[in-house]
Amino acid sequence: MSREWMIKIVLIVLLAAGTTLAGIQLFRQRHFDVPMVAGPGVTRTAKLSDYSPGLKGTMADTTVFFLEGNEEGGKALIMANTHSNEPASLLAALIFLENAVVEKGTLIIIPQFNNSGGRNTRPGDGYPLYFEIPTDWGSKKFRLGNRDASPLDQWPDPDVYIHYPDKQLLSFIDVRNTNRTWPGRADGPLMEQVTFGAMEIMRQENVDIAFDIHGAETMFPVTNCIVAPEKSARMATMASLTVKAREGFDNHVEPSPSGFRGLSHREIGDYSDTLPFLLEAPIPFLDQPTGPKTEKFLLDGKDPFLLKLAKAKMLFVPYDESGWPMDKRVGQHCSVVLEIMRQYSRKKPERAIEVSHVPRYAQVVQNGTGSYYHDPSKADPDKVFLN
Amino acid sequence: MPFIMILYYIICVYLISMVVWNFIREKKNPEYFFHYLLVLIPLILRVLRVK
Chain A
1 MSREWMIKIV LIVLLAAGTT LAGIQLFRQR HFDVPMVAGP GVTRTAKLSD
51 YSPGLKGTMA DTTVFFLEGN EEGGKALIMA NTHSNEPASL LAALIFLENA
101 VVEKGTLIII PQFNNSGGRN TRPGDGYPLY FEIPTDWGSK KFRLGNRDAS
151 PLDQWPDPDV YIHYPDKQLL SFIDVRNTNR TWPGRADGPL MEQVTFGAME
201 IMRQENVDIA FDIHGAETMF PVTNCIVAPE KSARMATMAS LTVKAREGFD
251 NHVEPSPSGF RGLSHREIGD YSDTLPFLLE APIPFLDQPT GPKTEKFLLD
301 GKDPFLLKLA KAKMLFVPYD ESGWPMDKRV GQHCSVVLEI MRQYSRKKPE
351 RAIEVSHVPR YAQVVQNGTG SYYHDPSKAD PDKVFLN
Chain B
388 MPFIMILYYI ICVYLISMVV WNFIREKKNP EYFFHYLLVL IPLILRVLRV
438 K
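Going down the list, the protein sequences come from chains A and B.
When you line the first sequence up against our numbering, it's residues 1 to 387, in that order.
When you line the second sequence up against our numbering, it's residues 388 to 438, in that order.
Treat the hints with care, as some may be off.
What the hints assert, rightly or not - Listed next, the stretches of chain A that the computed footprint assigns to chain B, with coverage defined by at least 3 CB atoms under 8 Å from CB atoms of chain B:
#: 1; region: 2 to 9
#: 2; region: 12 to 20
Said to hold, decoys possible - Computed list of lysine-lysine pairs in BS3-like fashion (alpha-carbon distance at most 25 Å, straight line):
#: 3; chain 1: A; residue 1: 313; chain 2: A; residue 2: 293
#: 4; chain 1: A; residue 1: 104; chain 2: A; residue 2: 231
#: 5; chain 1: A; residue 1: 8; chain 2: B; residue 2: 415
#: 6; chain 1: A; residue 1: 8; chain 2: B; residue 2: 414
#: 7; chain 1: A; residue 1: 141; chain 2: B; residue 2: 438
#: 8; chain 1: B; residue 1: 438; chain 2: A; residue 2: 47
As the list claims (entries may be wrong) - A partial selection of chain B residues facing chain A, derived with a Cβ cut-off under 8 Å:
#: 9; residue: 391
#: 10; residue: 392
#: 11; residue: 393
#: 12; residue: 395
#: 13; residue: 414
#: 14; residue: 417
#: 15; residue: 420
#: 16; residue: 421
#: 17; residue: 424
#: 18; residue: 438
Think of the hints as simulated: they come from the structure by calculation, not from any bench.
The beta carbon of each residue, even a glycine, is placed where N, CA and C say it ideally should be.
Just chain B, same shape as in the assembly:
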């Protein structure tokens, strides 16, 4: 795997952890719950390498 791809996956995992952390911390606004999950979809698919 090229070095740049390793960096991409590391960035993806970092972003996932941040979004999940914010999803857990968000207490009130259901719209935010939805937005966090929506943002998570492409990142999770990338990390799991789902084609």
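Chain A with its partners taken away, still in its complex shape:
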């Protein structure tokens, strides 16, 4: 055999081995299920495909939890992991799912809204595939997903994504972004079917208020805020002022732009009677000029490069050596959701949504996010849901 072919064969073997090893890791991450313990408030579950039948049997289908109070009232919907690389949303939604008791009205929770995105990763950015949250009984392991649905589930991407129904031209990648495919349609691309399912929940269940929970870069102006369209703006402002005065953290209000289509805070309000709120907490991990994207950085939000930028006043949030720990972000989400529900209940007492046993900002920061999760190995198996 010639030297040339010996080199070629060695390279083929090395690349095949590398591809196989990497493929196994990615396969395991895609099929790793996170156990969620349904708390005392959960009365029934459904699948998103019950509202958008095209999702049945796909990786985009996901579990919907209903927490119904004894007393009639309003309804609130919480959607988390719309972008699965913004995990404070999922962690906050799980605190509600595992602890909330609903006295009046109904709380609907979709913890892993873009389930396909949660089984994806961003190898070009060197994301860790998992992260772990310390709890009283060990640690709880989560997949770290990506902003967009996996191309394994929705392919091919178009050259330009033509938004439905407004026909606005969006970036090709946004066809897999469940915060660009609202309000969706039953027979559209898979991610439009996901958002269509949520719209159907809101329309069929007469949902009063909807929360789409996110995280945003510290260098991006729309961060640490509540994004609200005109009809939700007053309530968002009241909530923002209240959490600032009572709990001491900033969460300003950003208006939802009417000319930028496909976003939940715009389309939910335009295509249903539901009042939408999109919550953003800072997530330094998503900023670009940072050090390595490690699990530690994801959780503590500490980065020397961002610190330098903060000193040069180039960030849109306060930033110091303490970073932006996950507990702070999760706590903010819990408090803002509770506060908006309280504001809505005050304004419409006949459609009130009263929820208890959910910690607020100070408690989450003091006790840690993980202290609110239950051990799935000790829970009633009927209450444990894998997703």
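Fit chain B to the known structure of chain A by using the hints.
Coordinates of chain B only, in the frame set by chain A:
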């Protein structure tokens, strides 16, 4: 399968054949051997539909 997907697979197979042909023809530069193989990976995974 939609028509566009059939086209994608045909394009993939065509590209694979071109890259393999160039890989075989390349005689000297080991860096090129490596680059051809690297380019082949996503194309082969797509055609074999490996998820």
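Q. Among the hints numbered above, which are violated by the structure, and what are their numbers in rising order?
A. 11
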